[in-house]
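Trainee: Input sequences plus hints: build the corresponding full structure.
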Amino acid sequence: MVHAISIQTADFSLETEEKLAEASSKNCGALVSFTGKVRGKDHEQLLSHLYLEHFPGVTEQEIEKIILAAQQKWPLQYVKVIHRIGNIKTGERIVLVLTACEHRKDAYQANEFIMDYLKTEAPFWKKECFANGDACWVDMKKSDLDHTQRWKQA
Amino acid sequence: MALANMLKIIYMAKLKEQLAIAEETIEWTGGTCDELIQLLRSRNELWHTTLAPENVYKLAVNKSIVHQNAYIPENAEVALLPPVTGG
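Chains as they are written, first to last, in the numbering used here: chain E, 1 to 154; chain X, 1001 to 1087.
Keep in mind that the hints were calculated from the coordinates and are not lab data.
All values reported here derive from a predicted model rather than from experimental measurement.
Just so you know, not all the hints are guaranteed correct.
To be verified - Computed cross-link-like contacts, DSS-like style, restricted to lysine-lysine with a CA-CA straight-line distance of at most 30 angstroms:
1) E:K141 / X:K1058
2) E:K127 / X:K1016
3) E:K127 / E:K73
4) E:K105 / E:K26
5) E:K73 / X:K1058
Mentor: So, in structure tokens, the structure goes:
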């Protein structure tokens, strides 16, 4: 399995990433990509942008562990995880998880597994910066913990 | 060269802002994660509430996340991580 992790401030191109995946997985019949974007309105207040902080070195290590755990469960040929940090405006892309397998169900499930674990294990922190100048750190969602827990019971 | 019997503590994200400190070095001769948290909580009311159990999700010892009440040796670097919200 070929896999790569990138924590970056810059945006990414899905088209470029798909081409890279295709070049790295020879007999791949399924390529699944998840792109997370910044919602403009999550509350009453209008959001200006998100500020993303992470723990350099540790974040990459934790994502690596998640990818290797997925590899134990599904026959993955290629995995790419990109997560942006810094200031990210509403409507912009924030995260990409790309999985390539021979068959569709494996690629779908592995993709969801990686994304679920990323949300509860990888040390990223989001701050919502509103149009009126207010800012607050986002609270962890119980539903995210439930999603990860579901894989442990599966 | 590191001084003997010390511990470097790094505060991440919300904890860093609420405690108004990014990192510090304290005297430490070894102990568990729980012992360290208790020690920090005992500083004053702000530390007590900021480092309440629901606000400290995980600790990383020497840049490796520990899942249980791990032992933190002297001259280590420990990071306090609030609940994570990536993705």
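Trainee: Kindly indicate which numbered hints from before are broken by the structure, ordering the numbers from low to high.
Mentor: The structure conflicts with hint 3 only, although it agrees with all the remaining ones.
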